[in-house]
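With the hints as extra help, turn the sequences into a complete structure.
As they're listed, the protein sequences go chains A and B. FYI, in the working numbering the residues of the first sequence are 1 to 113. FYI, in the working numbering the residues of the second sequence are 1 to 116.
To be clear, the hints were calculated from the coordinates, so they are not data collected in a lab. One thing to keep in mind: the hints can contain errors.
Stated by the list, open to error - Ranges of calculated distance between the beta carbons of each label pair, as one might list FRET restraints: (1) B:Asp-55 - A:Pro-39: 18 to 24 Å; (2) A:Thr-44 - B:Thr-60: 26 to 32 Å; (3) A:Thr-44 - B:Pro-116: 33 to 39 Å; (4) A:Gly-52 - B:Asp-29: 25 to 31 Å.
All C-beta atoms, glycine included, are put in the ideal place defined by N, C-alpha and C.
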Amino acid sequence: SAVISQKPSRDICQRGTSLTIQCQVDSQVTMMFWYRQQPGQSLTLIATANQGSEATYESGFVIDKFPISRPNLTFSTLTVSNMSPEDSSIYLCSVGRANEKLFFGSGTQLSVL
Amino acid sequence: AQKITQTQPGMFVQEKEAVTLDCTYDTSDQSYGLFWYKQPSSGEMIFLIYQGSYDEQNATEGRYSLNFQKARKSANLVISASQLGDSAMYFCAMRGSGGSNYKLTFGKGTLLTVNP
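If you want it as structure tokens, here you go:
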């Protein structure tokens, strides 16, 4: 299984600020995903981070609010922009290859005051 | 569209006993994958077990086994010999085929509590 490092593990941020979350994998992976888990809820896919091209966003998520970078096959970042208390969630990156198991990073617990 | 249903918001089990967590799914894909993840209070998502739709045998990983009944579209997780450390949230998830091959659709989860 891939070793996935996600930083920061948790943060408390002020309203109106932005936070960038990093996801580093120990091997090249085809696809990287970003999920959000709001308090007491299940996981919802935000976007697919595509290497060398713009991320593919799911319905309800936009690039201006959640810009994503994928400079190479082992690294991606998700930025949560202009934060409000409604953005308080766990954010998780996920990686995988075709027809293989999908693994998650340890998650980032974000609280917005 | 894919859908995962977990009908048990919470389950209780005595330590050392077995427990079954239910999961049913709905998809029009012929090829798909089913996953179970464990989420302790720390928030990380821990991969437990995977079953491919064309796998003829039920998947097993240590104390975890997946009771896969394709005709009934169910993929229940069985945990044998429960331990106190098994107390956590458990999510069933599905991955489709084609363009959605990597995307996971999650159920709402089941909170498992193991009593001593």
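Okay, the hints, checked on the actual structure:
no.	hint	verdict
1	B:Asp-55 - A:Pro-39: 18 to 24 Å	violated (35 Å)
2	A:Thr-44 - B:Thr-60: 26 to 32 Å	holds (30 Å)
3	A:Thr-44 - B:Pro-116: 33 to 39 Å	holds (35 Å)
4	A:Gly-52 - B:Asp-29: 25 to 31 Å	holds (28 Å)
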